[in-house]
Amino acid sequence: MNLLETLRNFKSVKPDPAYTEHSKRAILASRQFMPSMNPIRGILQFIETGAAVALTGFFILLASGALSNSQYIAPVQYSVIDTAGIHAEAQEIDVQIKLANVTYQDAALNNGSTAEAPTSAASPKAFSAAMTAATSSASGKGALLNGSGTATSSDAASSSPTIDGALKALSQ
Amino acid sequence: MIDGEEKLIKDAIRGSSSAFGALYDHYQPMIYRFVLVKVGSREEAEDITHQVFLSAWQNVRTYKHRGHPFSSWLYQIARNQVIDHYRSKKSDVSIDVMDPEYFAAQASMSADLMLKLDVEKVRRAVAELKPDYQDVIIMRFIEDLPLKETAAAMGKTEGAVKLIQHRAIKELQQMLGTQAYESFRNASKF
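Taken in order, these protein sequences are the chains called V and Z. Mapping the first sequence onto the numbering used here, position 164 (from 1) lands on 164, and the numbers just tick up by one. So the number in the numbering used here is just where the residue sits in the second sequence, counting from 1, plus 172.
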């Protein structure tokens, strides 16, 4: 069976001419649906459309910043902003920061030995050698230091090597 | 598509019954066949086809030309009418209830007894397909509609229609045997 040919034979199927004529006459005799022409509904539709268009336009202007100069609509007025005051405030904040830095640096200078110790400890062998040299040159007798460069408690009282001393010895 | 179809549609929208009458004369047979293959009963096909064109005439003002022929719109109405018909009936039309001689009798003008039997066999097989498969088979292979027009009538993409067509043919192949499928494969439509 050739299915394609068989299906094409369906095209010979035609509706009954009497039915066709009767149906056509009945259809064309019926009325088409007309769109309602109620004037109140038309006015309401016009208002709805107008309001939608106006609101859309307003929000577009608002979003684009075009209303920022308006005295009544803009949320923040430029005239209200005290630029001199803001500038002074900014300057003050800057000064406080500087003062805080000065305080920190002053404290750092006062505690220079303790502050610098951890950095010197970065190379324990060099530090240990320098300390040993400084101690021996300063007191004339060898000071006992442990391997990590920290003075033992028995020597702490008799000799108190400082970083400055050690650096001086190293430079010599 | 009829010559000057756009003008006929515009006139029909303005209320010209003669313009709509011309559209009716051209498209009524194909819509009738479409419905008939789907519902199987001549009386029901006539009722539904009448409803399709009545609805088209009453709502032709809402028709918007989107580059597809008027037939796509009519097929859409017909599909909805058939769905409504089955919903209201709450049951499928049994093949046994259909008029078995109707299709064969229509084909008898140009065919022998074997062809009559084949037509009836194919009609039964198509009637057992899913509605979408039926639509594609009718539009593509009975009415020879192009893919684009079929897609517009079914509210689907051309790719989706191709897929449905492939599945519909496969299912028909299973129902009717591989010999029938070979005739499809040999056809230039693939």
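Derived by calculation from the structure, the hints in this document are not laboratory data. Treat the hints with care, as some may be off.
[Claimed, not checked] Computed cross-link-like contacts, DSS-like style, restricted to lysine-lysine with a CA-CA straight-line distance of at most 27 Å:
1) V/Lys24 with Z/Lys182
2) Z/Lys179 with V/Lys24
3) V/Lys14 with Z/Lys288
4) Z/Lys302 with V/Lys24
5) V/Lys11 with Z/Lys334
6) Z/Lys320 with Z/Lys288
7) Z/Lys302 with V/Lys14
8) V/Lys14 with Z/Lys293
9) Z/Lys320 with Z/Lys334
[Stated by the list, open to error] To list a few chain V residues with every Cβ distance to chain Z over 10 Å, as calculated:
10) Phe58
11) Phe59
12) Asp82
Glycine is no exception: its CB is placed at the ideal position from the N, C-alpha and C atoms.
Comparing the hints with the structure gives:
1. For a cut-off of 27 Å, the pair hint linking V/Lys24 to Z/Lys182 stands: about 19 Å separates their Cα positions.
2. For the suggested pair Z/Lys179 and V/Lys24, the alpha carbons sit about 20 Å apart, so the restraint of at most 27 Å is met.
3. This hinted pair checks out: V/Lys14 and Z/Lys288 have alpha carbons roughly 16 Å apart, not beyond 27 Å.
4. Our distance criterion of 27 Å between C-alpha atoms is broken by Z/Lys302 and V/Lys24, whose separation comes to about 31 Å.
5. Restraint check: the Cα-Cα separation between V/Lys11 and Z/Lys334 comes to about 22 Å, which is no more than 27 Å; the hinted pair holds.
6. Between the alpha carbons of Z/Lys320 and Z/Lys288 the distance comes to roughly 32 Å, so the proposed pair goes past 27 Å and is violated.
7. With a CA separation close to 24 Å, the supplied pair Z/Lys302 and V/Lys14 stays within the 27 Å bound.
8. Our distance criterion of 27 Å between C-alpha atoms is met by V/Lys14 and Z/Lys293, whose separation comes to about 19 Å.
9. Annotation: proposed proximity of Z/Lys320 to Z/Lys334 holds, straight-line Cα distance about 10 Å (limit 27 Å).
10. At the 10 Å boundary, the C-beta of V/Phe58 stays outside the reach of chain Z, the nearest C-beta of that chain being 32 Å off.
11. Non-interface status of V/Phe59 relative to chain Z is upheld: no Cβ of that chain comes within 10 Å, the nearest being about 30 Å off.
12. No beta-carbon of chain Z is positioned within 10 Å of the beta-carbon of V/Asp82; the least distance is around 61 Å.
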